[in-house]
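Visitor: In case you want the letters, here they are:
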Amino acid sequence: MNWSSASDFFAMGGYASYVWGAYAVTLACMAVEPVLVALRHRRARRALAEAPR
Amino acid sequence: MSRRSIPWFRFASPAAFYPLAGALVPWFSAVAAILAAVGLYLGLLRAPTDATQGDAYRIIFIHVPAAWMSMLLYLVMAFWAAIGWAFNARLASVVARAVAPTGAMFTFLALWTGALWGRPTWGAWWVWDARLTSELILLFLYCGFLALVSAIDDTRRADRAGALLAIVGSINVPIIYFSVIWWNTLHQGASVSVTSAPKMASVMLLAMLLMTLSFWAYAFAVVFVRARAIALERDNHAAWANDAVGAMPARQGATS
Numbered sequence: 001m002n003w004s005s006a007s008d009f010f011a012m013g014g015y016a017s018y019v020w021g022a023y024a025v026t027l028a029c030m031a032v033e034p035v036l037v038a039l040r041h042r043r044a045r046r047a048l049a050e051a052p053r
Numbered sequence: 054m055s056r057r058s059i060p061w062f063r064f065a066s067p068a069a070f071y072p073l074a075g076a077l078v079p080w081f082s083a084v085a086a087i088l089a090a091v092g093l094y095l096g097l098l099r100a101p102t103d104a105t106q107g108d109a110y111r112i113i114f115i116h117v118p119a120a121w122m123s124m125l126l127y128l129v130m131a132f133w134a135a136i137g138w139a140f141n142a143r144l145a146s147v148v149a150r151a152v153a154p155t156g157a158m159f160t161f162l163a164l165w166t167g168a169l170w171g172r173p174t175w176g177a178w179w180v181w182d183a184r185l186t187s188e189l190i191l192l193f194l195y196c197g198f199l200a201l202v203s204a205i206d207d208t209r210r211a212d213r214a215g216a217l218l219a220i221v222g223s224i225n226v227p228i229i230y231f232s233v234i235w236w237n238t239l240h241q242g243a244s245v246s247v248t249s250a251p252k253m254a255s256v257m258l259l260a261m262l263l264m265t266l267s268f269w270a271y272a273f274a275v276v277f278v279r280a281r282a283i284a285l286e287r288d289n290h291a292a293w294a295n296d297a298v299g300a301m302p303a304r305q306g307a308t309s
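Protein chains in written order, with the numbering used here: chain A, 1 to 53; chain B, 54 to 309.
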């Protein structure tokens, strides 16, 4: 383990805003995109199931 | 002939692709999550602090995988767009369109994480360096592809126009990759290459490779879901699509 305490870890050696800023935006993008594509897929299925015949 | 030939084109049919991709999505998602958990554990908790860059270097564990994926996905997009154009393979064009938003997202992330890494190490969020500029052009190429295909109403015409843009734009990928060799750039050279020993500690290298594989599995999962959605949207009158969603086949107007 590289860190002696949790606050040490979150401080990132003084680079907290840079490191966590990079990780937070990456996490946000990679959490939102799967939701968006799943919604698009569900919409496509629903449109097909409800299409008039 | 037909009995012994290898069914190369079996999965070129949406009817075969749709259930296969659907079955693979949970596996790629699980692999992405597990590899990310291990990669982040090694990269953020176990890897030592860098002697010259301090802990700012830890951005590498998402920056390099995102940058690699941005280039790889562009080539994947251009390849399938070209196949879709050359062989009139509709599913290939669907895959090309499904790749583009994810590729654009990874390009944005490479630029974003790079800016947050550049500021503490170079003293600048952005410089008009060959590596950074060519990566920015990659983002514009993705956006151009997406704008172009969505601006043309005729689906197959849009696919062909997008393919042309994607193929011409692929010249940018080797320019990005070799920019740190061809020009004198502020951006550092490759830390990892197939021809020489890596220039970093093994735990750092392992974490970076695990994160790369995680992003790769993530891209597969997301692209498959999007390709399934696009295939359904396009073939909303086809029998396979009705079968896929469990709807009753159309009764009126069905001639076959």
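Any given hint might turn out to be false.
Over 12 Å on every C-beta distance to chain A, these chain B residues come out as not near it, computed from the model [stated by the list, open to error]: (1) Ala69; (2) Ile113; (3) Phe114; (4) Val275.
Computed from the model, here is a short list of chain B residues facing chain A with C-beta under 8 Å [stated by the list, open to error]: (5) Arg99; (6) Thr102; (7) Leu169; (8) Asp206; (9) Leu239; (10) Gln241; (11) Arg281.
To spell it out: a stretch of chain A is covered by chain B in this simulated footprint if at least three of its residues, at any positions, have a beta carbon under 8 Å from a beta carbon of chain B; those stretches are [to be verified]: (12) 1-13; (13) 16-25; (14) 31-42.
Please keep in mind that the hints were generated in silico from the structure rather than gathered at the bench. Every residue gets a Cβ at the ideal spot worked out from N, C-alpha and C, and that includes glycine.
Visitor: Which hint numbers does the structure go against, in order from smallest to largest?
Guide: 2, 3, 4, 8, 9 and 10
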